[in-house]
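J.: Build the full structure now, drawing on both the sequences and the hints.
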Amino acid sequence: MLGMLRQGGRGLVKCVVRRVSASTSSKHQSPVGERRYIPRRAVLYVPGSDDRKLLKIPSLAADCIVLDCEDGVALSMKDAARSKIRHALHTQAIDFSGKDCSVRFNSVESGLCEEDMREVLSARHLPPTVHLPKVDSPEHLAWFADKLRTLLATRPLQDKLRLVIFTESAESLLCLPDICRRGLELSKDAPFLLDAIVFGSDDFCADIGATRTNEAKELLFARQYVVTVAKAFKLQAIDLVYIDYKDLEGLRRQSEEGAGMGFTGKQVIHPGQVAVVQAAFSPPPHKVEWAAALVEAFEHHQKEGKGAFSFRGNMIDMPLLLQARNILQLAAVTTK
Amino acid sequence: MLGMLRQGGRGLVKCVVRRVSASTSSKHQSPVGERRYIPRRAVLYVPGSDDRKLLKIPSLAADCIVLDCEDGVALSMKDAARSKIRHALHTQAIDFSGKDCSVRFNSVESGLCEEDMREVLSARHLPPTVHLPKVDSPEHLAWFADKLRTLLATRPLQDKLRLVIFTESAESLLCLPDICRRGLELSKDAPFLLDAIVFGSDDFCADIGATRTNEAKELLFARQYVVTVAKAFKLQAIDLVYIDYKDLEGLRRQSEEGAGMGFTGKQVIHPGQVAVVQAAFSPPPHKVEWAAALVEAFEHHQKEGKGAFSFRGNMIDMPLLLQARNILQLAAVTTK
Amino acid sequence: MLGMLRQGGRGLVKCVVRRVSASTSSKHQSPVGERRYIPRRAVLYVPGSDDRKLLKIPSLAADCIVLDCEDGVALSMKDAARSKIRHALHTQAIDFSGKDCSVRFNSVESGLCEEDMREVLSARHLPPTVHLPKVDSPEHLAWFADKLRTLLATRPLQDKLRLVIFTESAESLLCLPDICRRGLELSKDAPFLLDAIVFGSDDFCADIGATRTNEAKELLFARQYVVTVAKAFKLQAIDLVYIDYKDLEGLRRQSEEGAGMGFTGKQVIHPGQVAVVQAAFSPPPHKVEWAAALVEAFEHHQKEGKGAFSFRGNMIDMPLLLQARNILQLAAVTTK
Chain A
1 MLGMLRQGGR GLVKCVVRRV SASTSSKHQS PVGERRYIPR RAVLYVPGSD DRKLLKIPSL
61 AADCIVLDCE DGVALSMKDA ARSKIRHALH TQAIDFSGKD CSVRFNSVES GLCEEDMREV
121 LSARHLPPTV HLPKVDSPEH LAWFADKLRT LLATRPLQDK LRLVIFTESA ESLLCLPDIC
181 RRGLELSKDA PFLLDAIVFG SDDFCADIGA TRTNEAKELL FARQYVVTVA KAFKLQAIDL
241 VYIDYKDLEG LRRQSEEGAG MGFTGKQVIH PGQVAVVQAA FSPPPHKVEW AAALVEAFEH
301 HQKEGKGAFS FRGNMIDMPL LLQARNILQL AAVTTK
Chain B
1 MLGMLRQGGR GLVKCVVRRV SASTSSKHQS PVGERRYIPR RAVLYVPGSD DRKLLKIPSL
61 AADCIVLDCE DGVALSMKDA ARSKIRHALH TQAIDFSGKD CSVRFNSVES GLCEEDMREV
121 LSARHLPPTV HLPKVDSPEH LAWFADKLRT LLATRPLQDK LRLVIFTESA ESLLCLPDIC
181 RRGLELSKDA PFLLDAIVFG SDDFCADIGA TRTNEAKELL FARQYVVTVA KAFKLQAIDL
241 VYIDYKDLEG LRRQSEEGAG MGFTGKQVIH PGQVAVVQAA FSPPPHKVEW AAALVEAFEH
301 HQKEGKGAFS FRGNMIDMPL LLQARNILQL AAVTTK
Chain C
1 MLGMLRQGGR GLVKCVVRRV SASTSSKHQS PVGERRYIPR RAVLYVPGSD DRKLLKIPSL
61 AADCIVLDCE DGVALSMKDA ARSKIRHALH TQAIDFSGKD CSVRFNSVES GLCEEDMREV
121 LSARHLPPTV HLPKVDSPEH LAWFADKLRT LLATRPLQDK LRLVIFTESA ESLLCLPDIC
181 RRGLELSKDA PFLLDAIVFG SDDFCADIGA TRTNEAKELL FARQYVVTVA KAFKLQAIDL
241 VYIDYKDLEG LRRQSEEGAG MGFTGKQVIH PGQVAVVQAA FSPPPHKVEW AAALVEAFEH
301 HQKEGKGAFS FRGNMIDMPL LLQARNILQL AAVTTK
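Protein chains in written order, with full-length UniProt numbering: chain A, 1 to 336; chain B, 1 to 336; chain C, 1 to 336.
Everything labelled a hint here was simulated from the structure, so no lab data went into it. One thing to keep in mind: the hints can contain errors.
No copy is singled out in the list; a pair is fine if it fits within one copy or between any two copies.
[To be verified] Keeping only pairs whose Cα atoms sit at most 20 Å apart, straight-line, the calculated DMTMM-like set for lysine to aspartate or glutamate is: (1) K78 to D159; (2) K217 to E257; (3) K53 to E249; (4) K217 to E256; (5) K53 to D79; (6) K287 to E299; (7) K287 to E256; (8) K160 to E119.
T.: Below, the structure written as structure tokens:
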């Protein structure tokens, strides 16, 4: 009897200006309106210092490749990693076609981040996406925005860098809404657009003293809270790593569970995990069909100058339209 | 060895003025002190536009009937729904005895809410309870209070309308404490008393991109957070719909789980679900006996002018007394 | 491929000054830097009014003994409990060696707390640790700090009292970060150091209307949230009681689950529960070995005047060093 407006009904008009908390006076505009959706179903780390692994990138099927300066690189190899990553970007020697080419810096508190940025961002070509790990407070983002502005001051940007942040501590989790709010505010003026949150479960477990299990019951609150915050701010949410990389059945189960919770992608630590993960985070055919029909109906109404419209019995609003477009973009990547 | 003051021991005196967050300077007085408890174990939606279903209401056993303007009514039928609901209230043609007669408006952001209110609230008899769906921010409640004040300015109210709000998005969930705080503040002056929170799981899942399962593990954080916030503000908490309406065993399991989590009722989408749900949310006999004896003891002490008192070894405070009264009211409804 | 810096990698330097929320302007310094770690794996309550049980204390193996004025003591016995506890502290008649000797006062809102404090804290020897139950707001801590300052004004303290607070209501849970922030601020000047949070599950269940089960699924959010907040503020987290004290297998399961979630200890209601609980919350041998080697390496580097250093391939920061020291202290207690 309850209306079956499930796939649709968020009302006619959705406020563009949304405040997440009444205690904040600043408003943020959701900057997702027109941006291109970059799929990051499988997020695979490649140590920037490892030539052999860098050379394998073209053969990898993950849709987000992370050239890593951080945890994947020993302290003694930090210089080498920066230099190799800069070189790869500068010469475009590696073929990233069909993939999100991204770089993970060291954290703000590591003391290594500025040097990472200076070197990597001096390459002729910038990575479309950068990752900032261990963001524990809004101040980290402000620091990062400041450095980025300085380093890119003389470079005209065609597109802002997409920013992926990591939440990896109890402190970070507790202030995640504040971090996101600040990130979206900074996205207005800084050379980045906050785009995704990664749940860094291993550092999080170390921080709270938890013991990881494959079932990850100990992380249920943290994971569901990360999804909730990410989606409240219209960001992608990237789920934890499945450590036991030989157990593909367990990986499949956890991937589908994460997708079912609302995550949009998952970190992987081995190329063998990519296919299972990408399948779990790809839209099923009936959703693709729905999305295609909806977008077509929208464009038809647009041409006729109409506003709100009904589709298959449901009122269509902007979030639904964006959702449909994202599904189509994901589908295009998946099936190509 | 730990004191077995379980059913009792919240101390002698409970502050009436409670602040939920130190960052708020405003205090709210819990307005639950004297109000009558309206049981809403099974909350059943009836589309306002559907004559056949409206006529069946007297035969329904749910203790809260929702005359729906929102998701259960197609856009082309909104006018018809308003008009039929107004007529039903105006003429009192439908027998609601023993039930909470309530109306669900469209959401503030739908652009339809004001017209719903104007029409429905022009009936000679007002519904005791109104539902406001998709409350995403405290501002929605302020808007609603404002409209309600205007529409009811010339009507003397015997009782304020009870207000049931819906949390159905990530944004709403994140600011639910702010929404409730504002709702209770507004309850002082506006023609409503905030009374309950409904967890709108289907829109919530659509908003965060989650996939509903019967076990609802993907909603564990959201459900338990809704209960926690509701109870912190002394509000009823109404649990999610069990979609698979033919599976009564699954419904029973989920109803008992929800009651065990602290929910006070559950949404139902089919009359066949009512009996199972009401049983799960009814107090067991030993609790009824406890409550009856406690209330009797309290009244005895009141007559003698005594304050705090001990009952079956435990100190009795106001929250416990209210809990006991609620149990008796629920029991009275259940067993009549 | 992802760096295996799991047990180590929180970066080079960890800010000492951390702000948990950008909306707070005050900064708190983590006061954990130099304090001695007091293990509280099993937290056992002994009613202060019960001579027989008080006499048994030397035979108990729990590493935290709570002389209780609160839930374990009937209202008519409050005076007796205070007086007996004061006497025990004053004469040091009970051997507490190897145990944390602590006292639980009644809650601030009970109206009994001040008298508890006055009597107990007039003993010649103060308990190293005091427990404050039912802390529902930061104001409770401010009240407590104020009374403590007054009562101890003329006594020079060798060590501040360690303060263990209880979160036992929905309201308390919702403002737990505010409570902790205030507690750490007060710890700078007041005669206490906030040291641990206990999750009081039975009162919490009564408050939210939940029904306790042995599996405690209904408390999953609350437990994981308590751990997250505690660890964000570098506090110990003490898990719920396992009520069914004859079921040692269930106790073991729940203890290991709690330890796996990040709790550092657990409340027990029967001496027979102590061994199982202490085993579950003791560090396994490989962690002890790791910690010993890390601390040795740190001291070696300190002597040579070096700062940040690498250990087994990972960068070592202060939190890790503290974690290692805690493990060693726990291990020392366990194996003695």
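J.: With reference to the structure, classify each hint as holding or not holding.
T.: Here is what the structure says about each hint:
1. K78 to D159: neither (28 Å within a copy, 44 Å between copies)
2. K217 to E257: both (12 Å within a copy, 9 Å between copies)
3. K53 to E249: neither (26 Å within a copy, 48 Å between copies)
4. K217 to E256: The answer is both: 15 Å in one copy and 13 Å across copies each meet 20 Å.
5. K53 to D79: within (17 Å within a copy, 64 Å between copies)
6. K287 to E299: The answer is within: 18 Å in one copy meets 20 Å, while 60 Å across copies does not.
7. K287 to E256: within (16 Å within a copy, 33 Å between copies)
8. K160 to E119: Answer is within: at 18 Å inside a copy they meet the 20 Å cutoff, but 49 Å across does not.
In summary, the numbered hints that this structure violates are 1, 3.
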